[in-house]
Amino acid sequence: MTALRGFLWLVGFLLCGEALVWALALSVSPGVVGMLLMTLWLALRGRVGPDIQAASQPLIAVLAMLIMPGVVGIFFIADEFAGQWLAVAAALLLGTLASVATTLWLMLRFMPPETADE
3 MTALRGFLWL VGFLLCGEAL VWALALSVSP GVVGMLLMTL WLALRGRVGP DIQAASQPLI
63 AVLAMLIMPG VVGIFFIADE FAGQWLAVAA ALLLGTLASV ATTLWLMLRF MPPETADE
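Using my numbering, count along the sequence shown one by one with no gaps and you end on 120.
It should be emphasised that the hints constitute simulated quantities derived from the structure, not laboratory data. Backbone N, C-alpha and C fix where the C-beta goes; we use that ideal spot for every residue, glycine too. Treat each hint with caution, since some may be false.
What the hints assert, rightly or not - Cβ pair distances, simulated, as ranges:
hint	residue 1	residue 2	range
1	Leu6	Trp43	17 to 23 Å
2	Ala5	Ser101	41 to 47 Å
3	Arg49	Ala92	17 to 23 Å
4	Leu65	Glu20	17 to 23 Å
5	Gly33	Leu110	24 to 30 Å
6	Arg49	Ala21	37 to 43 Å
7	Trp24	Ser101	23 to 29 Å
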């Protein structure tokens, strides 16, 4: 039941993101807006509840499968990027580096310090 409540929280934030994108006519993915809303909510709250933990852990395990349809879709529109390979490569490289740097910074910031076992 805990995982179901957590999944409902995740879907609720996705629907809030969908509503904001629709109401404000934003050109951003509703999933990204929902995730930003959830991040702000969790930052204000100061912790992640057991419901969201129980729902998110299995999703993290299959994250590659969740991303795969978007990656595969690129192959069908590759002709549209033919003249812009340098910009696409630069965006991929800089985006990857920024993502890795942000993840490292967040991990160092929020993980508890290790205690030396003596």
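Here's how the hints hold up against the structure:
no., hint, result
1, Leu6 - Trp43: 17 to 23 Å, "holds, 19 Å"
2, Ala5 - Ser101: 41 to 47 Å, "violated, 27 Å"
3, Arg49 - Ala92: 17 to 23 Å, "violated, 38 Å"
4, Leu65 - Glu20: 17 to 23 Å, "holds, 21 Å"
5, Gly33 - Leu110: 24 to 30 Å, "holds, 26 Å"
6, Arg49 - Ala21: 37 to 43 Å, "violated, 26 Å"
7, Trp24 - Ser101: 23 to 29 Å, "holds, 27 Å"
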